[in-house]
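Chemist: Sequence:
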Amino acid sequence: MRIAILSDIHANREAFDAVLEVVRKLAPDQLVLLGDLVGYGPDPVYVVEKAADLVEDGAACIMGNHDEAAAFGRTDMTENARAAIEWTRKCLARAHFDFLAKLPLSLRSEDRLYVHASAERPEKWLYIRDVDAARRCLFSSDARVIFCGHTHIPAVYYALPGTRPVHFRPLDNVAAPVSDLRRHVVVVGAVGQPRDGNPAACFALLETERREVTMVRVPYDHEETARKIQASGMPGWLGMRLKIGR
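Using this note's numbering, the first residue of the sequence shown is number 307, and each one after it goes up by one.
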């Protein structure tokens with residue numbers, strides 16, 4: 307089975323469309339969206355409606371912290387994130403809020419768990435940035451592979467039973483093994499706001515029979531997205547960071 311796993315689209319239409327075109331050509335058996343459809347970017351209506359259409363066509367979608375903030379009016383965020391959510395909420399209609407509010411926090415499929423942040427208390431939106439956080443994530447679920455986003459930086463953590471996880475930074479567009487002998491946390495990077503120094507959109511492609519995962523990078527017109535952010539009145543840094551992948 308081939309599974310495309312996207313996270314942190316963040317209302318970035320240009321990145322989302324570019325990635326979906328690549329996904330279409332790859333023809334996966336399953337498409338999974340790991341949340342944060344909105345926030346930071348200038349096209350929340352387009353992205354939410356596109357995600358809803360994909361779900362109708364069989365894709366899976368879970369909730370991210372920015373989706374929760376938009377749906378329920380949360381404000382305990384950084385200044386830039388809060389400003390973007392306040393702007394986003396003015397753009398969305400009731401149907402958009404309802405779609406976001408009904409998204410699940412996690413999804414289990416066979417030996418795989420999909421969650422936006424961590425299997426450790428998904429509702430707390432904890433970051434997996436080191437091996438200790440990865441260990442707690444693995445301890446919180448019996449899934450063999452846990453896929454998450456939230457950090458915007460692609461990473462793989464793996465561990466043999468009873469051992470401390472090891473961090474591995476996967477190379478772009480190069481398959482990495484996902485061994486049956488180990489448990490894994492796979493952080494799939496970000497479609498709409500990468501933060502690993504590469505402005506190209508990022509998503510994960512899992513090949514279950516080959517036991518491989520690839521971080522696929524997709525260039526897109528980030529200049530256009532940044533221009534729209536600037537025109538929206540949202541903080542200018544949200545556009546600038548797209549150009550440098552930070």
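A few of these clues could be false.
Here are the computed lysine-lysine pairs in the DSS-like style, where the Cα-Cα straight-line distance is at most 25 Å [said to hold, decoys possible]:
#1 Lys356 x Lys408
#2 Lys534 x Lys356
#3 Lys356 x Lys331
#4 Lys534 x Lys408
#5 Lys534 x Lys549
#6 Lys408 x Lys430
#7 Lys396 x Lys408
#8 Lys331 x Lys396
These are computed hints drawn from the structure, not numbers from a lab. The model shown is predicted, which means the values in this text are computed figures rather than measured ones.
Chemist: Work down the list of hints and note, for each, if the structure agrees.
Modeler: Now for the hints, and whether the structure bears them out:
no., hint, verdict
1, Lys356 x Lys408, "16 Å, holds"
2, Lys534 x Lys356, "19 Å, holds"
3, Lys356 x Lys331, "18 Å, holds"
4, Lys534 x Lys408, "29 Å, violated"
5, Lys534 x Lys549, "13 Å, holds"
6, Lys408 x Lys430, "17 Å, holds"
7, Lys396 x Lys408, "19 Å, holds"
8, Lys331 x Lys396, "35 Å, violated"
Violated hints for the displayed structure, listed by number in ascending order: 4, 8.
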